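Number of protein chains: 4
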Amino acid sequence: MKEIRQKGEYSYVYSRYREPIEYVNSGETVAIYTKDAFENRIKSESDLPGETLGKYVNPQTGPIYIKNAEPGDTLQVKVKAIEPTRDHAISALIANFGGLTATEQTRMLHDPLPEKLWFYEIKDNIVEHNERLKFPWRPFLGTIGTSPDLEALSSLVPSNHGGNMDVPDVKPGNTIYLPVLTEGAYFYVGDCHAGQGDGELCGGALEIPAKVTLEFNVIKDKSINWPRIESSEELMVVGSARPMEDAARIAYSELIIWLEELGWDSLEAYQALTQVGELYRG
Amino acid sequence: MKEIRQKGEYSYVYSRYREPIEYVNSGETVAIYTKDAFENRIKSESDLPGETLGKYVNPQTGPIYIKNAEPGDTLQVKVKAIEPTRDHAISALIANFGGLTATEQTRMLHDPLPEKLWFYEIKDNIVEHNERLKFPWRPFLGTIGTSPDLEALSSLVPSNHGGNMDVPDVKPGNTIYLPVLTEGAYFYVGDCHAGQGDGELCGGALEIPAKVTLEFNVIKDKSINWPRIESSEELMVVGSARPMEDAARIAYSELIIWLEELGWDSLEAYQALTQVGELYRG
Amino acid sequence: MKEIRQKGEYSYVYSRYREPIEYVNSGETVAIYTKDAFENRIKSESDLPGETLGKYVNPQTGPIYIKNAEPGDTLQVKVKAIEPTRDHAISALIANFGGLTATEQTRMLHDPLPEKLWFYEIKDNIVEHNERLKFPWRPFLGTIGTSPDLEALSSLVPSNHGGNMDVPDVKPGNTIYLPVLTEGAYFYVGDCHAGQGDGELCGGALEIPAKVTLEFNVIKDKSINWPRIESSEELMVVGSARPMEDAARIAYSELIIWLEELGWDSLEAYQALTQVGELYRG
Amino acid sequence: MKEIRQKGEYSYVYSRYREPIEYVNSGETVAIYTKDAFENRIKSESDLPGETLGKYVNPQTGPIYIKNAEPGDTLQVKVKAIEPTRDHAISALIANFGGLTATEQTRMLHDPLPEKLWFYEIKDNIVEHNERLKFPWRPFLGTIGTSPDLEALSSLVPSNHGGNMDVPDVKPGNTIYLPVLTEGAYFYVGDCHAGQGDGELCGGALEIPAKVTLEFNVIKDKSINWPRIESSEELMVVGSARPMEDAARIAYSELIIWLEELGWDSLEAYQALTQVGELYRG
Numbered sequence: 030m031k032e033i034r035q036k037g038e039y040s041y042v043y044s045r046y047r048e049p050i051e052y053v054n055s056g057e058t059v060a061i062y063t064k065d066a067f068e069n070r071i072k073s074e075s076d077l078p079g080e081t082l083g084k085y086v087n088p089q090t091g092p093i094y095i096k097n098a099e100p101g102d103t104l105q106v107k108v109k110a111i112e113p114t115r116d117h118a119i120s121a122l123i124a125n126f127g128g129l130t131a132t133e134q135t136r137m138l139h140d141p142l143p144e145k146l147w148f149y150e151i152k153d154n155i156v157e158h159n160e161r162l163k164f165p166w167r168p169f170l171g172t173i174g175t176s177p178d179l180e181a182l183s184s185l186v187p188s189n190h191g192g193n194m195d196v197p198d199v200k201p202g203n204t205i206y207l208p209v210l211t212e213g214a215y216f217y218v219g220d221c222h223a224g225q226g227d228g229e230l231c232g233g234a235l236e237i238p239a240k241v242t243l244e245f246n247v248i249k250d251k252s253i254n255w256p257r258i259e260s261s262e263e264l265m266v267v268g269s270a271r272p273m274e275d276a277a278r279i280a281y282s283e284l285i286i287w288l289e290e291l292g293w294d295s296l297e298a299y300q301a302l303t304q305v306g307e308l309y310r311g
Numbered sequence: 030m031k032e033i034r035q036k037g038e039y040s041y042v043y044s045r046y047r048e049p050i051e052y053v054n055s056g057e058t059v060a061i062y063t064k065d066a067f068e069n070r071i072k073s074e075s076d077l078p079g080e081t082l083g084k085y086v087n088p089q090t091g092p093i094y095i096k097n098a099e100p101g102d103t104l105q106v107k108v109k110a111i112e113p114t115r116d117h118a119i120s121a122l123i124a125n126f127g128g129l130t131a132t133e134q135t136r137m138l139h140d141p142l143p144e145k146l147w148f149y150e151i152k153d154n155i156v157e158h159n160e161r162l163k164f165p166w167r168p169f170l171g172t173i174g175t176s177p178d179l180e181a182l183s184s185l186v187p188s189n190h191g192g193n194m195d196v197p198d199v200k201p202g203n204t205i206y207l208p209v210l211t212e213g214a215y216f217y218v219g220d221c222h223a224g225q226g227d228g229e230l231c232g233g234a235l236e237i238p239a240k241v242t243l244e245f246n247v248i249k250d251k252s253i254n255w256p257r258i259e260s261s262e263e264l265m266v267v268g269s270a271r272p273m274e275d276a277a278r279i280a281y282s283e284l285i286i287w288l289e290e291l292g293w294d295s296l297e298a299y300q301a302l303t304q305v306g307e308l309y310r311g
Numbered sequence: 030m031k032e033i034r035q036k037g038e039y040s041y042v043y044s045r046y047r048e049p050i051e052y053v054n055s056g057e058t059v060a061i062y063t064k065d066a067f068e069n070r071i072k073s074e075s076d077l078p079g080e081t082l083g084k085y086v087n088p089q090t091g092p093i094y095i096k097n098a099e100p101g102d103t104l105q106v107k108v109k110a111i112e113p114t115r116d117h118a119i120s121a122l123i124a125n126f127g128g129l130t131a132t133e134q135t136r137m138l139h140d141p142l143p144e145k146l147w148f149y150e151i152k153d154n155i156v157e158h159n160e161r162l163k164f165p166w167r168p169f170l171g172t173i174g175t176s177p178d179l180e181a182l183s184s185l186v187p188s189n190h191g192g193n194m195d196v197p198d199v200k201p202g203n204t205i206y207l208p209v210l211t212e213g214a215y216f217y218v219g220d221c222h223a224g225q226g227d228g229e230l231c232g233g234a235l236e237i238p239a240k241v242t243l244e245f246n247v248i249k250d251k252s253i254n255w256p257r258i259e260s261s262e263e264l265m266v267v268g269s270a271r272p273m274e275d276a277a278r279i280a281y282s283e284l285i286i287w288l289e290e291l292g293w294d295s296l297e298a299y300q301a302l303t304q305v306g307e308l309y310r311g
Numbered sequence: 030m031k032e033i034r035q036k037g038e039y040s041y042v043y044s045r046y047r048e049p050i051e052y053v054n055s056g057e058t059v060a061i062y063t064k065d066a067f068e069n070r071i072k073s074e075s076d077l078p079g080e081t082l083g084k085y086v087n088p089q090t091g092p093i094y095i096k097n098a099e100p101g102d103t104l105q106v107k108v109k110a111i112e113p114t115r116d117h118a119i120s121a122l123i124a125n126f127g128g129l130t131a132t133e134q135t136r137m138l139h140d141p142l143p144e145k146l147w148f149y150e151i152k153d154n155i156v157e158h159n160e161r162l163k164f165p166w167r168p169f170l171g172t173i174g175t176s177p178d179l180e181a182l183s184s185l186v187p188s189n190h191g192g193n194m195d196v197p198d199v200k201p202g203n204t205i206y207l208p209v210l211t212e213g214a215y216f217y218v219g220d221c222h223a224g225q226g227d228g229e230l231c232g233g234a235l236e237i238p239a240k241v242t243l244e245f246n247v248i249k250d251k252s253i254n255w256p257r258i259e260s261s262e263e264l265m266v267v268g269s270a271r272p273m274e275d276a277a278r279i280a281y282s283e284l285i286i287w288l289e290e291l292g293w294d295s296l297e298a299y300q301a302l303t304q305v306g307e308l309y310r311g
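Read top to bottom, the protein sequences are chains A, B, C and D. If you read the first sequence in the working numbering, its first letter stands for residue 30, the second for the next number, and so on. If you read the second sequence in the working numbering, its first letter stands for residue 30, the second for the next number, and so on. If you read the third sequence in the working numbering, its first letter stands for residue 30, the second for the next number, and so on. If you read the fourth sequence in the working numbering, its first letter stands for residue 30, the second for the next number, and so on.
Hints should not be assumed to be uniformly reliable.
Just so you know, same-sequence chains aren't split out, so a pair can sit in one copy or run between any two.
Unchecked claim - Distance condition first, Cα-Cα at most 16 Å in a straight line; then the derived EDC-like pairs of lysine to aspartate or glutamate:
| # | residue 1 | residue 2 |
| --- | --- | --- |
| 1 | K96 | E57 |
| 2 | K145 | E297 |
| 3 | K240 | E212 |
| 4 | K84 | D178 |
| 5 | K152 | E289 |
| 6 | K240 | E133 |
| 7 | K249 | E212 |
| 8 | K72 | E112 |
| 9 | K163 | E297 |
| 10 | K145 | D294 |
| 11 | K152 | E99 |
| 12 | K152 | E259 |
| 13 | K152 | E212 |
By construction, these hints were calculated from the structure, which means they are not laboratory data. Source: prediction; values computed, not measured.
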């Protein structure tokens, strides 16, 4: 199995303007090494993010060129395994970043909240900081996607190409479908998590570097609008927009389209999703 | 056990300005009869909502005066049972109402979507319209709450007093906590559902009239800001606001306060909820 | 001319459940006395709001019963004059209130911003705190409206009945149109401002008590959905919703309806408003 | 004076990954030719957008490399003149585009609104389609900006680099300040309008191709966060975000920073903007 490590600088952008670091065939399974969201720069709980990190966060491994992938195709990605390459996960409160603080997007006159780090030991399927902050090992890929056709988008942003979706269902055993928007797909991945609740509330999940095993398949002449996820029991669509009402509208609209592909009538699909659809914020 | 039926007209408002229909003691268990969201007016699948319904939807049974409840107290409501009083549930597409249509709040120039009704038979713990639209019996209370102190709020609106929250966890076995905002609490309930997905997407769940068995207890000198729900495994807070980002902020902020009451530090609670908090839209 | 002063407690709610303080005929001009948003309780710049104010802010004078006003009519209100009844205006930073701070609606973990008061002398058409904070006298009514039909809404809330719109065009010389939603209209007014920018950014305009001269006329059998304002040069509609995108959609949709009443085609009105419509946040 | 015309294909992206079409000195005044938002493809009122346009709209002329501009500098752009290069302006209703329709971002189940075109003659400072749709000539630049540092952003998107702001104050006589985010600034411009109301309601302003005269100056070692505009009487900041509440917060926060640069205290600036700040949606 081919092992892929970043060549040169990590990418902080989903971009077809960068040189591919590797070429992969449809049908191939590869192992990809990713750094954590802090590019592995935080070494101890006293390394405050504001002093330790560079200009960007969320480094990506890529772009990986998927042979024979062309606009209008779909890239199927089966998540085979996520193995941590460090014995601990790190979560952080970063200034002006997170759900219950003023941010660059939601500006206020308050002083920033204090920065803070939590280290968690990973052992025996448990991720543990102390007796209270002790969680099961539930690894997933925070950031995964193809590249937009014209744009190059920050690895902090989710959109229809995937990107920083932070959806816990991007996990081993599940299959992800991504739109191919440019020749070769220009696939990136990074930001693995040892677990996370809905919404990545404080802005920092249980961040880990990892070895990620993925199987790629190009589905020819089949286009999708937004990322889809298939588990053994569920069909899922990831919609990303602000406000969240619009994200929910995208996800449910695309689920209706998916059900139509499976033979449903659109109003019947709308009705079914009303009664059993589930919605969470990644 | 006392049985409570509406006296006079059903209420379409959570209001302390109406006359109590019944007085209940703290500690008492009562059975309350509710009509469905259409006030039971829809008799067949050809009774289109626009022609059949009156000016308002979502009738409430109440107000029920809870003795000894005073502002600053909390009203604990244990949901003991929900029994349908009709052999079928009804879901509806109503013009300009729902998640994937223009509404009175999100105005557009489109013609309304067509109105449509679905009848579902309730039998053997199955709620069934046809082979595709066939769901398990998962009953809950769509609308429940106390009355605001000064305001009288539409039964279509959720707020800190409860109201039209449409949260599937308001179900038998769970305990709801509501703030007491006015003397006697002026409790209302209605809008039972035989089941619903997250978001009540098309605007109409599986609507049923029901007999609802509730146990009331007044917790003196204990105030809460927003409704709380306790199951055997989870602590939940219902936050309601637009956009949904603000609703999520309220719910997570109040969960942090709840954890602080249980001895947690606020930043540690923020961290824990980041890793294992769950979020859904009622 | 009849002079109307509040009888009993000021109202902090737009409600038809209160007893009218006065009855007014269609065609009548009256003078109404209002207190400032702090119920005139702040006496010096050291009276911090958190210590000085009661549970509510924004007291209203009313309800005033408008004879012969019935649901389906429109209440026309001509603003004839606004005269301050105090020689100074007051602006305040109140904890958790305003545009660049966490609020009860947009919850965060920050400590509140400091509270602060600014007193402004009103003299010679100038409103002056110091050389920098010195503005022209541009009085308007911050809060004006009829009562909802079933609901009673806080005087801090704007909705289709009017209420706390904080629109600087509700000023002498302009005419306001309000929907009549209940028999007698149950009109309230308060919260006069010596001036304000768009958005009432910090949450406190130049707050004044005032004597307000208004002429009321009932327009029979003519219903409107949202408040309208007419100046000598402009037609305006006030839409209130969160997020502001929805407020803008309401206002523009209702302007299109207004232009249709004047003989325009709806798409032509949509086109015209695209090219010359103006939009500001009250 | 140097005249700049697009070399090769027009750009539909603000990107430093494209080859500069021209190099300009600080202090230089140049004339730049832009095409209209439809790349001048619509030739008659029967050329419906869905059939006539390609995959993208809003072509930009650029990138123009500004010599000596480096990250941390500010690019000052004085708008000297906007001259139409066609005798008519065009406005369009495009499917799923605009303020009162479902869009790709705000998805719904409605059929799209009809497409429609309006041609306007430009003559004697009047822009006229018919007696009703007849407006003054008020030209401005809809889209102007530098390039982001890592990202390449669609020319339909506004952000802190500028882009598709659609702000009518980007007009002759006013000065625009843009952050320099990458060496050479990689400046683009396009999407001139013969006029527009607030919000570009239907999605199409009075679109024109134009000859635009701009003077560029690099202000060294002076960084700004968001675009600023200076007229003879006003200081303006353009904030772009969804929802509009966040855009307003950005703009007002940056105005406070601007006033602080001019010697104001932040809370005093907050107070002043509360009383005289103005807010409109571009």
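Now the hints, each set against the structure:
{"no.": "1", "hint": "K96 <-> E57", "verdict": "within (10 Å within a copy, 47 Å between copies)"}
{"no.": "2", "hint": "K145 <-> E297", "verdict": "between (49 Å within a copy, 10 Å between copies)"}
{"no.": "3", "hint": "K240 <-> E212", "verdict": "neither (26 Å within a copy, 36 Å between copies)"}
{"no.": "4", "hint": "K84 <-> D178", "verdict": "between (25 Å within a copy, 11 Å between copies)"}
{"no.": "5", "hint": "K152 <-> E289", "verdict": "neither (44 Å within a copy, 29 Å between copies)"}
{"no.": "6", "hint": "K240 <-> E133", "verdict": "neither (32 Å within a copy, 36 Å between copies)"}
{"no.": "7", "hint": "K249 <-> E212", "verdict": "within (12 Å within a copy, 40 Å between copies)"}
{"no.": "8", "hint": "K72 <-> E112", "verdict": "neither (20 Å within a copy, 58 Å between copies)"}
{"no.": "9", "hint": "K163 <-> E297", "verdict": "between (43 Å within a copy, 12 Å between copies)"}
{"no.": "10", "hint": "K145 <-> D294", "verdict": "between (51 Å within a copy, 13 Å between copies)"}
{"no.": "11", "hint": "K152 <-> E99", "verdict": "neither (42 Å within a copy, 48 Å between copies)"}
{"no.": "12", "hint": "K152 <-> E259", "verdict": "neither (29 Å within a copy, 31 Å between copies)"}
{"no.": "13", "hint": "K152 <-> E212", "verdict": "neither (41 Å within a copy, 47 Å between copies)"}
Checked against the numbered hints above, the structure violates hints 3, 5, 6, 8, 11, 12 and 13; every other hint is satisfied.
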